[in-house]
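> As they're listed, the protein sequences go chains A and B.
Heads up: the first sequence begins at 1 in the numbering used here, then just goes up one per residue.
Heads up: the second sequence begins at 1 in the numbering used here, then just goes up one per residue.
Simulated from the structure, these hints should not be mistaken for lab results.
Any given hint might turn out to be false.
[To be verified] With a straight-line Cα cutoff of 25 Å, these simulated SDA-like cross-link-like pairs (lysine to any residue) come out: (1) K6(B) with Q58(A); (2) K139(A) with R149(A); (3) K80(A) with A88(B); (4) K31(B) with A9(B); (5) K80(A) with L84(B); (6) K200(B) with P237(B); (7) K283(B) with D127(A); (8) K42(B) with N131(A); (9) K313(B) with R135(B); (10) K302(A) with T57(A); (11) K6(A) with N131(B); (12) K230(A) with K302(A); (13) K80(A) with T111(B); (14) K139(A) with P48(B); (15) K10(B) with T111(A); (16) K316(A) with L44(A); (17) K40(B) with V142(A); (18) K80(B) with A223(A); (19) K283(A) with R72(B); (20) K6(A) with T57(A); (21) K302(B) with S71(A); (22) K42(A) with K283(B); (23) K40(B) with D107(A); (24) K316(A) with N136(A); (25) K139(B) with L324(A); (26) K283(A) with H220(A); (27) K31(A) with N45(A); (28) K316(B) with A154(B); (29) K10(B) with L55(A); (30) K80(B) with R277(A); (31) K302(A) with V142(A); (32) K80(A) with S221(A); (33) K31(B) with T3(B); (34) K139(A) with K40(B); (35) K6(B) with R35(B); (36) K302(B) with K200(B).
Note that the coordinates shown come from a computational prediction; the quantities given were computed from them, not determined experimentally.
2 protein chains.
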Amino acid sequence: MRTRLKDVAKALNLSISTVNAVLRNRSDISKATRRRVFDKVKELNYRPNWVARSLVTQRTQVLGVVVPDLSRSFFTEVIKGIDLVASAIRYHLVLTNTGEDPRREDDEVATLISKQVDGLVIASAHDPGDNVVWRNLSKMGVPFVLVDRAFPNAPFVGVDDERIGFIATTHLVDQGYERIAHLRVPSLSTGIGRVRGYLKALRQHGIRARQDYMVDAEFHSEASGYEATKILLQRSPRPDAIFAASDPIAIGAMQALLEEGVRIPLDCGLIGVGQVRYGEYLKVPLSTVDQHRVEIGKLAAKALLDLVSGQKKPAKPILIEPTLIVRASSLRHPRTPRPRGAQENRARAAIPRNG
Amino acid sequence: MRTRLKDVAKALNLSISTVNAVLRNRSDISKATRRRVFDKVKELNYRPNWVARSLVTQRTQVLGVVVPDLSRSFFTEVIKGIDLVASAIRYHLVLTNTGEDPRREDDEVATLISKQVDGLVIASAHDPGDNVVWRNLSKMGVPFVLVDRAFPNAPFVGVDDERIGFIATTHLVDQGYERIAHLRVPSLSTGIGRVRGYLKALRQHGIRARQDYMVDAEFHSEASGYEATKILLQRSPRPDAIFAASDPIAIGAMQALLEEGVRIPLDCGLIGVGQVRYGEYLKVPLSTVDQHRVEIGKLAAKALLDLVSGQKKPAKPILIEPTLIVRASSLRHPRTPRPRGAQENRARAAIPRNG
DNA sequence: CTGTTAGCGCGTTCAA
DNA sequence: TTGAACGCGCTAACAG
Numbered sequence: 001m002r003t004r005l006k007d008v009a010k011a012l013n014l015s016i017s018t019v020n021a022v023l024r025n026r027s028d029i030s031k032a033t034r035r036r037v038f039d040k041v042k043e044l045n046y047r048p049n050w051v052a053r054s055l056v057t058q059r060t061q062v063l064g065v066v067v068p069d070l071s072r073s074f075f076t077e078v079i080k081g082i083d084l085v086a087s088a089i090r091y092h093l094v095l096t097n098t099g100e101d102p103r104r105e106d107d108e109v110a111t112l113i114s115k116q117v118d119g120l121v122i123a124s125a126h127d128p129g130d131n132v133v134w135r136n137l138s139k140m141g142v143p144f145v146l147v148d149r150a151f152p153n154a155p156f157v158g159v160d161d162e163r164i165g166f167i168a169t170t171h172l173v174d175q176g177y178e179r180i181a182h183l184r185v186p187s188l189s190t191g192i193g194r195v196r197g198y199l200k201a202l203r204q205h206g207i208r209a210r211q212d213y214m215v216d217a218e219f220h221s222e223a224s225g226y227e228a229t230k231i232l233l234q235r236s237p238r239p240d241a242i243f244a245a246s247d248p249i250a251i252g253a254m255q256a257l258l259e260e261g262v263r264i265p266l267d268c269g270l271i272g273v274g275q276v277r278y279g280e281y282l283k284v285p286l287s288t289v290d291q292h293r294v295e296i297g298k299l300a301a302k303a304l305l306d307l308v309s310g311q312k313k314p315a316k317p318i319l320i321e322p323t324l325i326v327r328a329s330s331l332r333h334p335r336t337p338r339p340r341g342a343q344e345n346r347a348r349a350a351i352p353r354n355g
Numbered sequence: 001m002r003t004r005l006k007d008v009a010k011a012l013n014l015s016i017s018t019v020n021a022v023l024r025n026r027s028d029i030s031k032a033t034r035r036r037v038f039d040k041v042k043e044l045n046y047r048p049n050w051v052a053r054s055l056v057t058q059r060t061q062v063l064g065v066v067v068p069d070l071s072r073s074f075f076t077e078v079i080k081g082i083d084l085v086a087s088a089i090r091y092h093l094v095l096t097n098t099g100e101d102p103r104r105e106d107d108e109v110a111t112l113i114s115k116q117v118d119g120l121v122i123a124s125a126h127d128p129g130d131n132v133v134w135r136n137l138s139k140m141g142v143p144f145v146l147v148d149r150a151f152p153n154a155p156f157v158g159v160d161d162e163r164i165g166f167i168a169t170t171h172l173v174d175q176g177y178e179r180i181a182h183l184r185v186p187s188l189s190t191g192i193g194r195v196r197g198y199l200k201a202l203r204q205h206g207i208r209a210r211q212d213y214m215v216d217a218e219f220h221s222e223a224s225g226y227e228a229t230k231i232l233l234q235r236s237p238r239p240d241a242i243f244a245a246s247d248p249i250a251i252g253a254m255q256a257l258l259e260e261g262v263r264i265p266l267d268c269g270l271i272g273v274g275q276v277r278y279g280e281y282l283k284v285p286l287s288t289v290d291q292h293r294v295e296i297g298k299l300a301a302k303a304l305l306d307l308v309s310g311q312k313k314p315a316k317p318i319l320i321e322p323t324l325i326v327r328a329s330s331l332r333h334p335r336t337p338r339p340r341g342a343q344e345n346r347a348r349a350a351i352p353r354n355g
């Protein structure tokens, strides 16, 4: 049996509340008893029972984290960021994996709430159309912050996807590429933003977008990038650069290009998104756009903890500025001054575009 | 305010315990009240408060997971495995990252226990010499299972590291390599096992081990593999194959080899451990040994849940058989029948060698 | 300075 | 078939 407050009290012939007063650092306790209590606590190895405490205080020191897929390094990195700031103030994280199933998400969130988590970080599997998500949540009065996938009028921390598309595409233009294709993921808000940025960059540089230069792929699948690229290579004229919506897609694309004897970056430039590990050790070191995944987690946790402590109102969406990472796969003109500085940039929270 | 049992009872003019009886599916309740209660529960959207319930039942439906580093895909994959079986029976996971600090580990474990987790999966940061870890734990009576790093006489799930070393080295021998070096990690039990397997394989094939063919590196660091390989290349005669204790080390080694104009696998074979993502897309597709990380998590969770439900005694260590994955980096004799089958093998729990 | 008392929301006797 | 009463371990009033 674990030692309880009662045991400590009994051993000292004190009342429970006196012992408690000592532990809660109440000022009106004599030095003598204070010492006695502390000694006994150490001797008996007493640790307060958090379950009992939580029942009273309505605080568990636990944050719920809901993600659609633990296989994706994006989410594990975000979790790392959350943990970094949460653990610093002795909060714990409860994890749940929804497997991209909105119903399961609702269920898990409900369970987490009944487990009294102090707040939630959610990468929602819901359709951006649904406002079910945050409606239920705000009804329950549980603070929450969304990550990765934004919903209107809900606290959100994520990268600016339109900027990602814009930065990547602009970089390709700068490198002298002219027929820039895009492997997109139109099923997620994240993917849609990147398409917008892509189109915007083309427009800005007076390049006409071609429908047949946009092919669908899946975020997490090298195979989809491979297949999509095979399709792309049948276009005429062939694209001379590819902006892939994710690094896995780009890796599949790289495979397809090399297989067809297309030289990277000479015949075709390639850039992805995500800054996956080992990207620089691939057959051709892969240019990419860093989303600052850990930073997203950190900022989300900070925002959430602000909400939990009631210090701040639900803030406006926080959009992190992505960073271009140039490697060989998109570097056609090595003479062009390579933007080294960009790689060193730290993430900064930018002013949100929509309130 | 969230609805409580009391609210449901009041709304129906029933007593709390009657409502509770319905929800706990007690048999001696009339169909009529049963219906009324269920309807009201749905109407008021009642969810039992897990904190209160846990205080009474001494069960939280939560497992603690303690890992030294959330950056390593090994651990996130193990966590995925744990979650897979835990979530299936509606258990949640509480995460803690100890940052390889034994003291922090002890502290976190204590906190998790005071949060009343039903059991713990621990990848310990302690020195294998310490038996502090499981001594404290068994004193508290909290079920636990160790993963990744074994301690004598404690429930453990992991891969058989000696087999890893043996399999990898034997494979290199089979490919006709004769001067096989090893980039080792002697600071961890895991690394030590791999060294043993390496030496055993050499011995078994009548190859004399050379001290100067073993260079230290760090598990998670490409840079360390790179540096170590540079050292290795100064030996005379040069090694003609390298068994790296991890994939990151192997990736660093690959970089160093290519930089020095050493052809892989012709001049030098290379194999790692870990089956990292994108290993097949590297400059030279990397041979490796799969540790079945997700499987480790699954088995650990199963073993732990058995302990939690009190069905089984602390089992003997469970050692998973690793699987050789052959890719280009170690394939010098393409004519040699490539062990395709090995790639398809599923993990199996093997009989432990020591009790 | 210290002790008494009354909950937090739920589970579990035992009466009615 | 239903309800009253107690306790899980702790916090926080309020007395003394």
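> Each of the hints needs a verdict: does it hold here or not?
How the hints compare with the structure:
1. With a CA separation close to 18 Å, the supplied pair K6(B) and Q58(A) stays within the 25 Å bound.
2. In summary, the hint linking K139(A) to R149(A) is supported, as the alpha carbons are separated by about 21 Å, within the 25 Å threshold.
3. Restraint check: the Cα-Cα separation between K80(A) and A88(B) comes to about 24 Å, which is no more than 25 Å; the hinted pair holds.
4. Of the supplied pair hints, the one linking K31(B) and A9(B) holds, its CA atoms being roughly 16 Å apart against a limit of 25 Å.
5. The suggested pairing of K80(A) with L84(B) holds, with an alpha-carbon distance near 20 Å, which does not exceed 25 Å.
6. A C-alpha spacing of about 22 Å is found between K200(B) and P237(B), which places the hinted pair at or below 25 Å, so the restraint holds.
7. Between K283(B) and D127(A) the CA atoms are separated by roughly 39 Å; this puts the pair beyond 25 Å, and the hint is violated.
8. In summary, the hint linking K42(B) to N131(A) is supported, as the alpha carbons are separated by about 21 Å, within the 25 Å threshold.
9. For the given pair, K313(B) sits about 16 Å from R135(B) by alpha-carbon distance, which is consistent with the 25 Å threshold.
10. Pair hint K302(A) plus T57(A) holds up; C-alpha atoms about 22 Å apart against a cutoff of 25 Å.
11. With a C-alpha separation of about 31 Å, the suggested pair K6(A) and N131(B) falls outside the 25 Å cut-off, and the hint is violated.
12. With a C-alpha separation of about 44 Å, the suggested pairing of K230(A) with K302(A) is violated against the 25 Å cut-off.
13. Taken as a hint, the K80(A) and T111(B) pair is honoured in the structure, with Cα atoms around 19 Å apart against an allowance of 25 Å.
14. For the suggested pair K139(A) and P48(B), the alpha carbons sit about 17 Å apart, so the restraint of at most 25 Å is met.
15. The suggested pairing of K10(B) with T111(A) holds, with an alpha-carbon distance near 24 Å, which does not exceed 25 Å.
16. At roughly 49 Å between alpha-carbon atoms, K316(A) and L44(A) are farther apart than 25 Å, so this suggested pair is violated.
17. A distance of roughly 23 Å separates the Cα atoms of K40(B) and V142(A); the hinted pair therefore holds under the 25 Å criterion.
18. Proximity of K80(B) to A223(A) is assessed by CA-CA distance (about 22 Å); at most 25 Å being required, the pair is judged to hold.
19. Taking the CA atoms of K283(A) and R72(B), the gap is about 23 Å. The hint holds against a cut of 25 Å.
20. Proposed proximity of K6(A) and T57(A) is supported: the alpha carbons are some 19 Å apart, at most 25 Å.
21. With a CA separation close to 20 Å, the supplied pair K302(B) and S71(A) stays within the 25 Å bound.
22. Restraint check: the Cα-Cα separation between K42(A) and K283(B) comes to about 57 Å, which exceeds 25 Å; the hinted pair is violated.
23. With a C-alpha separation of about 19 Å, the suggested pairing of K40(B) with D107(A) holds against the 25 Å cut-off.
24. As the CA atoms of K316(A) and N136(A) are separated by approximately 19 Å, the hinted pair is consistent with the 25 Å bound.
25. In summary, the hint linking K139(B) to L324(A) is not supported, as the alpha carbons are separated by about 53 Å, beyond the 25 Å threshold.
26. Annotation: proposed proximity of K283(A) to H220(A) holds, straight-line Cα distance about 19 Å (limit 25 Å).
27. For the given pair, K31(A) sits about 21 Å from N45(A) by alpha-carbon distance, which is consistent with the 25 Å threshold.
28. Restraint check for K316(B) and A154(B): satisfied, since their Cα atoms lie roughly 8 Å apart, inside the 25 Å limit.
29. Pair hint K10(B) plus L55(A) holds up; C-alpha atoms about 22 Å apart against a cutoff of 25 Å.
30. Restraint check: the Cα-Cα separation between K80(B) and R277(A) comes to about 19 Å, which is no more than 25 Å; the hinted pair holds.
31. Using a Cα cut-off of 25 Å, the hinted pair K302(A) and V142(A) holds, with the two alpha carbons roughly 16 Å apart.
32. Between K80(A) and S221(A), the direct Cα distance comes to roughly 23 Å. Compliance with the 25 Å bound is thereby established for this hinted pair.
33. This hinted pair checks out: K31(B) and T3(B) have alpha carbons roughly 23 Å apart, not beyond 25 Å.
34. Restraint check: the Cα-Cα separation between K139(A) and K40(B) comes to about 19 Å, which is no more than 25 Å; the hinted pair holds.
35. Our distance criterion of 25 Å between C-alpha atoms is met by K6(B) and R35(B), whose separation comes to about 17 Å.
36. Distance restraint check for K302(B) and K200(B): the Cα-Cα separation of roughly 32 Å exceeds the 25 Å cut-off, and the hinted pair is therefore not satisfied.
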